[in-house]
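Protein chains: 2
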Amino acid sequence: MPESLFAGIDIGGTNTRLGLVDPSGRIHWRDTFATSDYPDAPSLIKHIHESLISGMRSLNGNYELSAIGVGAPNSSNSKGTVEHAANLSWKGVVRIKKMFQEISGVPVSLTNDAKAAAIGEMLYGHAKGMTNFVLITLGTGLGSGIIVNGEPVYGHDGFAGEIGHTLVIPHGRSCGCGRKGCLEQYCSASGIVKTYREILRSTGVVQGNFEDETISARQVFEKALSGDEAAFYAFNYTGEMLGYALANTVAYLAPESIFLLGGLANAGELLLNPTIISFEKNVLNVWKNKIKIRLSGLPENDAAILGAAALARKELINIK
Amino acid sequence: MPESLFAGIDIGGTNTRLGLVDPSGRIHWRDTFATSDYPDAPSLIKHIHESLISGMRSLNGNYELSAIGVGAPNSSNSKGTVEHAANLSWKGVVRIKKMFQEISGVPVSLTNDAKAAAIGEMLYGHAKGMTNFVLITLGTGLGSGIIVNGEPVYGHDGFAGEIGHTLVIPHGRSCGCGRKGCLEQYCSASGIVKTYREILRSTGVVQGNFEDETISARQVFEKALSGDEAAFYAFNYTGEMLGYALANTVAYLAPESIFLLGGLANAGELLLNPTIISFEKNVLNVWKNKIKIRLSGLPENDAAILGAAALARKELINIK
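Sequence lines, in order, name chains A and B. The numbering of the first sequence is numbering that gives the first Met the number 0, which starts it at 0 and goes up by one. The numbering of the second sequence is numbering that gives the first Met the number 0, which starts it at 0 and goes up by one.
Note that these hints are calculated values from the structure, not bench results. Be a bit skeptical, because a hint or two may be false.
[As the list claims (entries may be wrong)] Keeping only pairs whose Cα atoms sit at most 30 angstroms apart, straight-line, the calculated DSSO-like set for lysine-lysine is: (1) 179(A) / 280(B); (2) 45(A) / 97(A); (3) 78(A) / 289(B); (4) 78(A) / 90(B); (5) 127(B) / 78(A); (6) 193(A) / 291(A).
[Said to hold, decoys possible] Just a sample of chain B residues kept apart from chain A, beta carbon distances all over 12 angstroms, derived: (7) 41; (8) 46; (9) 63; (10) 164; (11) 203; (12) 255; (13) 300.
[Said to hold, decoys possible] If you want the ones that stay clear, here's a sample from chain B, every Cβ over 12 angstroms from chain A, calculated: (14) 30; (15) 32; (16) 54; (17) 65; (18) 75; (19) 82; (20) 84; (21) 97; (22) 199; (23) 202; (24) 213; (25) 231; (26) 246; (27) 294.
Beta carbons: idealized from backbone N, C-alpha and C, even for Gly.
Looking at chain A on its own, in the form it has when it is part of the complex (with noise of 0.2 angstroms):
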């Protein structure tokens, strides 16, 4: 009898990464590209549906596709939708989740990214035997899967958990969502540019729009580690940001730890350390030095595809 994979497929706003992953939590194969090298959600599907199959033409062994579990941004698990994500090309609401099984003839689950990324995170990373926790994913936007008694908040229709479009600033920084001043404005590799401008302006250092040059939150971390001071205090304000919005998320849901993965993440402490700081400053007395805000145990690239291929293995076992 072949053995089964699961396909774990984490759609980003700026990559999509797929995995085949057997039951034991081993990636088998993988393969990465950027999402917006396809411009809507049917040619996105077709090549991803594409690339699996000669994935596991690609392996050595007996192996069947079981099923498919996808993590996107702005996705009901209930639905099988995805709706009017900011970060993505799409428009509308998009109906993923029949498109994929229409294309591969086997059963699909689907949650958000940052969900997965938490399933996975409980599974494989650092919340092993967790059963409240928050996940954070810093990307090119803020996304959150959130773990109460060891199952992810999906809330009436299934969009619960988005912590990067709670207001913090009022009347803040304009968000693609239509409205002003969301957290993941301040802190998301896009967020952080944004400061990064605004304190190169602020100090005089560059006049006018700035909008034209571009540069990446990378960069702005490179500049930060080689002693650009506005580099730094843009990590120090992005920091400060995190921990107040975290503060709010421990007074709604008092977790055991908060995790940090994705590009923004990487950064590891000089993220990190502001964090803590405002975090531990403004949360309220009960909870003072008494929550972990650490990074993932796992590989940023493997927590979603995990998690989405773990769902899609639950979610089998469920119709069975």
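Following the hints, complete the assembly by docking chain B onto the known chain A.
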């Protein structure tokens, strides 16, 4: 065989309310007194116990007190403690579950007063059949009970659901918790009085400190009804802040509905209308016009009594 009754006790910042409740949710007897008449936890608990004994004696019928359920602010279900309650005169950590057990000799369950009200709403109010909702109590402070998948969210340590202590205005009004900008400094009985005073000061109607003159939230309400513009605007501002904060609540939890309960909620549409307008303006697209904000379906004085008694009954069944 005697019929079982369950004591439901609601310890609030202003009043303590108790009831003797049968398994069908009927309140056979009730009592109310000012919490501040008792300077510390032992004297309050002693008085509650004496009141329960006289209540049991007063009933015509063959009853026995099977268990006691207590709802109190800043309390942990798992630890049995009330900790650093900003709106009670008690200091530090108070082991009130143990104290109630020793004086009464029956099993005692403890939960946050707002969580107790949420349980009451789920069993006997407008939240019947709902599995994901949030109840907000607008009393002396702002409390909240979060229900996810049909169960109250306690978090890792039992203290989850402190929405009143989420920070909404950076460097905003000073709070009893020692921090600045907590939601309950804006959206509560004491918050609306502060807002009313600020409006009078800013419009020059009143000069100076104005702290000596006592005015209650009820008086602000009556003034608003009688055409006082400052009082009317105070309700508008309170609703604006509450709607803004509840947009964040929905980003975390995606509840089916949000219920308002307590003294300030008795203002009805005067508070509800500006709250809903602000909520719809501030909530993320995906939830616009989808989430009902409404008043509790239970009399204010009953929700937490019923919920605390129901919790006591549920935990007693789990023990047996």
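Can you name, in rising order, the numbers of the hints this structure does not satisfy? 4, 10, 12, 18, 19, 20 and 26
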